[in-house]
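Asks: In the order they appear, the protein sequences are chains X and E.
FYI, in UniProt numbering the residues of the first sequence are 1 to 368.
FYI, in UniProt numbering the residues of the second sequence are 1 to 368.
These are calculated hints, taken from the structure and not from any lab test.
Accuracy of the hints is not assured; some may be wrong.
Each pair may be met inside one copy or between any two copies, as identical chains are not told apart.
[Said to hold, decoys possible] Mimicking DSBU-like on lysine-lysine, the simulated pairs with C-alpha atoms at most 35 Å apart in a straight line are: (1) Lys107 <-> Lys96; (2) Lys99 <-> Lys248; (3) Lys72 <-> Lys59; (4) Lys248 <-> Lys270; (5) Lys270 <-> Lys72; (6) Lys99 <-> Lys278; (7) Lys248 <-> Lys320; (8) Lys248 <-> Lys107; (9) Lys320 <-> Lys59; (10) Lys248 <-> Lys339; (11) Lys355 <-> Lys107; (12) Lys320 <-> Lys355; (13) Lys339 <-> Lys270; (14) Lys320 <-> Lys96; (15) Lys248 <-> Lys355; (16) Lys320 <-> Lys107; (17) Lys96 <-> Lys339; (18) Lys339 <-> Lys278; (19) Lys99 <-> Lys339.
2 protein chains.
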Amino acid sequence: MDIIDELRIYRERDIPYSRVLSSMCTTPHPVALEAHRMFVETNLGDPGIFVGTTELERKVIEMLGSLLNHPKAAGYISSGGTEANIQGIRAARNLKRVKNPNIVIPKSAHFSFEKIGDILGVEIRRAALDESYRVDTAEVERMVDENTVAIVGIAGTTELGQVDDIEELGRIARDMNVFLHVDAAFGGLVLPFMDERIPFDFGVEGVSSITVDPHKMGMATIPAGGILFRGEEFLRALEVETPYLTSKYQYTLTGTRPGTGVASTYAVLKHLGFEGMKEIVERCLRNTRILVEEMEGIGFEPVIRPIMNVVSFHAENAEKIKDELYRRRWVISTIRVPKAVRMVIMPHVTEEIIKEFISELRQVVRVV
Amino acid sequence: MDIIDELRIYRERDIPYSRVLSSMCTTPHPVALEAHRMFVETNLGDPGIFVGTTELERKVIEMLGSLLNHPKAAGYISSGGTEANIQGIRAARNLKRVKNPNIVIPKSAHFSFEKIGDILGVEIRRAALDESYRVDTAEVERMVDENTVAIVGIAGTTELGQVDDIEELGRIARDMNVFLHVDAAFGGLVLPFMDERIPFDFGVEGVSSITVDPHKMGMATIPAGGILFRGEEFLRALEVETPYLTSKYQYTLTGTRPGTGVASTYAVLKHLGFEGMKEIVERCLRNTRILVEEMEGIGFEPVIRPIMNVVSFHAENAEKIKDELYRRRWVISTIRVPKAVRMVIMPHVTEEIIKEFISELRQVVRVV
Numbered sequence: 001m002d003i004i005d006e007l008r009i010y011r012e013r014d015i016p017y018s019r020v021l022s023s024m025c026t027t028p029h030p031v032a033l034e035a036h037r038m039f040v041e042t043n044l045g046d047p048g049i050f051v052g053t054t055e056l057e058r059k060v061i062e063m064l065g066s067l068l069n070h071p072k073a074a075g076y077i078s079s080g081g082t083e084a085n086i087q088g089i090r091a092a093r094n095l096k097r098v099k100n101p102n103i104v105i106p107k108s109a110h111f112s113f114e115k116i117g118d119i120l121g122v123e124i125r126r127a128a129l130d131e132s133y134r135v136d137t138a139e140v141e142r143m144v145d146e147n148t149v150a151i152v153g154i155a156g157t158t159e160l161g162q163v164d165d166i167e168e169l170g171r172i173a174r175d176m177n178v179f180l181h182v183d184a185a186f187g188g189l190v191l192p193f194m195d196e197r198i199p200f201d202f203g204v205e206g207v208s209s210i211t212v213d214p215h216k217m218g219m220a221t222i223p224a225g226g227i228l229f230r231g232e233e234f235l236r237a238l239e240v241e242t243p244y245l246t247s248k249y250q251y252t253l254t255g256t257r258p259g260t261g262v263a264s265t266y267a268v269l270k271h272l273g274f275e276g277m278k279e280i281v282e283r284c285l286r287n288t289r290i291l292v293e294e295m296e297g298i299g300f301e302p303v304i305r306p307i308m309n310v311v312s313f314h315a316e317n318a319e320k321i322k323d324e325l326y327r328r329r330w331v332i333s334t335i336r337v338p339k340a341v342r343m344v345i346m347p348h349v350t351e352e353i354i355k356e357f358i359s360e361l362r363q364v365v366r367v368v
Numbered sequence: 001m002d003i004i005d006e007l008r009i010y011r012e013r014d015i016p017y018s019r020v021l022s023s024m025c026t027t028p029h030p031v032a033l034e035a036h037r038m039f040v041e042t043n044l045g046d047p048g049i050f051v052g053t054t055e056l057e058r059k060v061i062e063m064l065g066s067l068l069n070h071p072k073a074a075g076y077i078s079s080g081g082t083e084a085n086i087q088g089i090r091a092a093r094n095l096k097r098v099k100n101p102n103i104v105i106p107k108s109a110h111f112s113f114e115k116i117g118d119i120l121g122v123e124i125r126r127a128a129l130d131e132s133y134r135v136d137t138a139e140v141e142r143m144v145d146e147n148t149v150a151i152v153g154i155a156g157t158t159e160l161g162q163v164d165d166i167e168e169l170g171r172i173a174r175d176m177n178v179f180l181h182v183d184a185a186f187g188g189l190v191l192p193f194m195d196e197r198i199p200f201d202f203g204v205e206g207v208s209s210i211t212v213d214p215h216k217m218g219m220a221t222i223p224a225g226g227i228l229f230r231g232e233e234f235l236r237a238l239e240v241e242t243p244y245l246t247s248k249y250q251y252t253l254t255g256t257r258p259g260t261g262v263a264s265t266y267a268v269l270k271h272l273g274f275e276g277m278k279e280i281v282e283r284c285l286r287n288t289r290i291l292v293e294e295m296e297g298i299g300f301e302p303v304i305r306p307i308m309n310v311v312s313f314h315a316e317n318a319e320k321i322k323d324e325l326y327r328r329r330w331v332i333s334t335i336r337v338p339k340a341v342r343m344v345i346m347p348h349v350t351e352e353i354i355k356e357f358i359s360e361l362r363q364v365v366r367v368v
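Start from the sequences, fold in the hints, and give me the full structure.
Replies: This is the structure we're talking about:
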């Protein structure tokens with residue numbers, strides 16, 4: 001059999017995005033695909049060869065920095081949010097050498113922080129959430145001690161799309177002279193385009209670094225994460241020497257790394273502009289409201305009034321609902337506390353898809 | 001200006017691979033590009049959605065395992081060799097919890113091991129090389145102590161393409177009951193196709209894990225690294241729990257990760273087969289011999305008789321030669337000890353390119 005036919009068989013076993021309401025990834029924007037194709041051979045690990053692609057990365061970081069209220073931010077396009085979070089915490093750890101480092105993060109932080117703790121040898125202290133599922137900042141403040149290298153706030157929690165009180169975390173960071181990392185992997189390309197202005201970025205004093213993933217709401221191709229620091233000195237804290245390469249130092253976690261994420265991020269942001277991104281975010285928020293109405297119509301109640309296009313609904317039998325939907329090739333996810341079903345209304349989730357999904361869900365709730 | 005035209009301007013500032021003799025990456029095989037295109041939307045971070053792509057990854061690991069003498073190897077396709085090396089050492093560290101872990105690596109090990117030391121909090125002990133630039137195994141043995149979590153051997157050093165005595169390292173690993181990681185990022189897809197059989201893989205008792213990068217000699221698209229372990233228990237040592245994903249645990253370093261590396265690796269290996277890969281490796285080795293002859297004709301002497309398609313030549317003014325070539329848009333690299341110019345004869349480096357390069361170099365040596 002021809003190799004391409006064989007690959008097609010595997011690819012067809014994947015569930016298409018049109019049936020996926022659980023992912024923070026989406027079908028890339030057509031202009032992202034075109035840009036990706038043009039840069040498919042590029043390797044940002046060798047900037048002396050890929051001079052143009054490297055220049056483009058600087059432009060992308062400047063664009064993301066501008067969106068996050070700090071055009072002079074230092075940073076790079078990473079393999080995704082996990083690398084970005086690792087590097088944020090690693091910089092903090094390296095700048096404050098203590099024997100038994102710890103970080104204070106919300107209970108709602110992404111599971112990748114467990115990896116980070118293991119990888120970097122940093123103790124993870126999880127602060128409780130308040131009734132609106134934002135981190136209890138008083139508890140954060142109590143948990144900080146002389147071995148705390150960073151505190152973390154989330155702008156767009158994975159489970160609920162909630163945003164921590166970054167201003168209050170910023171105050172704690174300044175008062176206690178500790179690094180503040182904001183995980184805005186999801187929210188970083190939603191919040192700047194919302195009418196309601198929720199402070200979360202470098203505009204907040206005390207924020208040291210921000211994770212923002214263009215391959216999520218930025219509709220860039222995978223892999224395209226982003227890590228931005230308030231200043232160059234944080235990148236310096238990550239550097240190792242690189243003999244035999246065209247650069248002298250490397251601050252990224254990976255060595256060889258694709259330029260496709262850079263090109264596709266640039267293409268989407270430049271092509272759509274602020275207004276185009278705003279339209280897409282607004283459409284996602286509108287579709288989220290439609291989903292909430294429909295879900296309420298079947299008797300589901302949202303855990304919180306959605307802040308952005310992530311929403312969870314109380315459901316004692318959440319796992320069963322998810323499994324039965326999966327059997328019918330619809331993908332949602334669940335959360336454990338409180339027991340709930342969870343959906344993300346990405347740009348690929350249209351009103352039509354929501355209607356189809358709801359009609360399937362109506363059948364599912366009758367059988368589970 | 002149209003966004004695509006704008007991107008083209010950046011892309012044209014990159015130096016094309018036809019002028020690059022310094023990189024271990026290359027132009028992807030046409031079948032790799034086709035496979036990449038088909039899988040560009042896929043995300044292996046969510047295996048319940050990308051069921052087919054996940055299956056394909058298992059097949060790819062089995063193929064790579066077979067090539068490395070252990071079809072039952074456990075592993076995955078990573079963001080590249082650095083992630084693979086991190087994960088090999090991290091597994092070793094996690095399996096042998098000691099207070100002040102160290103690893104013993106050759107002086108010739110890739111600079112990414114410096115990152116690994118910093119990231120994982122592992123002391124790096126660099127063992128000297130013998131006169132053939134292989135690690136001095138007696139020194140390795142002396143450096144191992146009760147806090148040593150791993151020793152490392154290189155199969156295809158970045159600077160010279162040399163292969164350490166993996167059999168002797170295997171004996172040390174067994175005798176001293178320590179993990180042995182082999183960095184075969186480059187050599188792993190060269191050595192199996194050479195007439196001369198140099199032992200370096202799971203066929204050697206004591207080898208615990210191997211890094212092999214399909215995006216180097218495997219002609220897959222970036223990013224496609226590989227980490228293979230002798231058994232599942234090593235992957236288990238890397239796991240964290242993953243709520244709200246379609247999988248329960250995750251052992252990779254990154255979260256979201258592209259299926260393109262898996263698809264392109266599969267396509268190339270399956271399309272070319274063992275015989276096709278052998279032909280490409282033989283062509284690279286033949287071109288390396290041509291380069292050596294031509295270089296000797298200008299008066300350059302190789303640091304060692306090349307083992308594979310990486311070769312360095314003594315040159316006191318190596319940096320100047322490199323810079324002057326770069327000014328003329330030819331890219332080579334240099335090494336520091338001994339002072340030398342370095343070339344990698346990847347599949348994109350044809351005999352014709354070598355002739356053009358040599359004729360330029362003849363002019364360069366006259367002016368520097």
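Asks: For each hint given before, does the structure comply? Return the numbers of the non-compliant ones in rising order.
Replies: 6, 13, 14, 17 and 19
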